[in-house]
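Based on the sequences and whatever the hints tell you, model everything.
Quick note: to get the numbering used here, add 338 to the position in the sequence shown (first position is 1).
Read the hints as simulated data drawn from the structure, not as lab findings. Hints may contain errors.
[What the hints assert, rightly or not] Here are the computed lysine-lysine pairs in the DSS-like style, where the Cα-Cα straight-line distance is at most 30 Å: (1) 415 <-> 456; (2) 456 <-> 393; (3) 393 <-> 361; (4) 451 <-> 468; (5) 393 <-> 451; (6) 456 <-> 354; (7) 468 <-> 393; (8) 454 <-> 415; (9) 524 <-> 468; (10) 454 <-> 361; (11) 367 <-> 456; (12) 468 <-> 361; (13) 393 <-> 454; (14) 451 <-> 361; (15) 451 <-> 415; (16) 451 <-> 367; (17) 524 <-> 354; (18) 415 <-> 367; (19) 415 <-> 468; (20) 361 <-> 415; (21) 393 <-> 415; (22) 354 <-> 367; (23) 451 <-> 354; (24) 454 <-> 524; (25) 524 <-> 367.
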Amino acid sequence: MAFPKRKNYQEQKRQKLVIVGSKNPVKIKCTENAFQSLFEDTFIVEGLNVDSNVKDQPQGDVETYTGAYNRAFEAKKAFPEADYWVGIEGGVDEVGAQMVAFAWMVILDGSNKVGKAKTGTFFLPEAISKLVREGMELGDADDRVFQQTNSKQGNGAVGVLTNGVVNRLEYYQQAVILALIPFLQKNFY
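Shown next as structure tokens:
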């Protein structure tokens, strides 16, 4: 008895292009991991420097979400041939007398579907909050307080404050996965 020929698994997959509105390696890698974990397609994920059109350190949900949306939208304008465009923007907000950090993720596709999600929030130490209130970007404040260099392209404050149990890549990746729900569950969105 002859068995039917099996197609090569890689041949069955279609390569898709995802453009991240940032050259930050953490943002690119968390996006790649999220797409690869949810879909059977293969993805090429590339970063592109685009303007968020918000302050360097967004304050509050609205400005931070707007920055993430603008990054995805500007990436789509700059590279319309892609299949998906991703914007990730970190922000801070005041909760009473304390400051929290978080990030928004926005994903666009060619059919104008929008996926969005927000990371969990965590409270920042007062030493960092003070520097941010004085006008310093969160990543620079992290570097100064934690005596690191370019932590925003590494583990960030969340990694340092959790002793590496939660690193910035994993922290962002979960929210990117949540932003992909409308593309995964098309019957409901």
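Consistency of the hints with the structure:
{"no.": "1", "hint": "415 <-> 456", "result": "holds, 23 Å"}
{"no.": "2", "hint": "456 <-> 393", "result": "holds, 19 Å"}
{"no.": "3", "hint": "393 <-> 361", "result": "holds, 18 Å"}
{"no.": "4", "hint": "451 <-> 468", "result": "violated, 39 Å"}
{"no.": "5", "hint": "393 <-> 451", "result": "holds, 26 Å"}
{"no.": "6", "hint": "456 <-> 354", "result": "holds, 24 Å"}
{"no.": "7", "hint": "468 <-> 393", "result": "holds, 18 Å"}
{"no.": "8", "hint": "454 <-> 415", "result": "holds, 19 Å"}
{"no.": "9", "hint": "524 <-> 468", "result": "violated, 44 Å"}
{"no.": "10", "hint": "454 <-> 361", "result": "holds, 20 Å"}
{"no.": "11", "hint": "367 <-> 456", "result": "holds, 17 Å"}
{"no.": "12", "hint": "468 <-> 361", "result": "holds, 28 Å"}
{"no.": "13", "hint": "393 <-> 454", "result": "holds, 20 Å"}
{"no.": "14", "hint": "451 <-> 361", "result": "holds, 24 Å"}
{"no.": "15", "hint": "451 <-> 415", "result": "holds, 15 Å"}
{"no.": "16", "hint": "451 <-> 367", "result": "holds, 22 Å"}
{"no.": "17", "hint": "524 <-> 354", "result": "holds, 18 Å"}
{"no.": "18", "hint": "415 <-> 367", "result": "holds, 22 Å"}
{"no.": "19", "hint": "415 <-> 468", "result": "violated, 37 Å"}
{"no.": "20", "hint": "361 <-> 415", "result": "holds, 16 Å"}
{"no.": "21", "hint": "393 <-> 415", "result": "holds, 21 Å"}
{"no.": "22", "hint": "354 <-> 367", "result": "holds, 16 Å"}
{"no.": "23", "hint": "451 <-> 354", "result": "holds, 16 Å"}
{"no.": "24", "hint": "454 <-> 524", "result": "holds, 14 Å"}
{"no.": "25", "hint": "524 <-> 367", "result": "holds, 25 Å"}
Checked against the numbered hints given earlier, this structure breaks hints 4, 9, 19; the rest are met.
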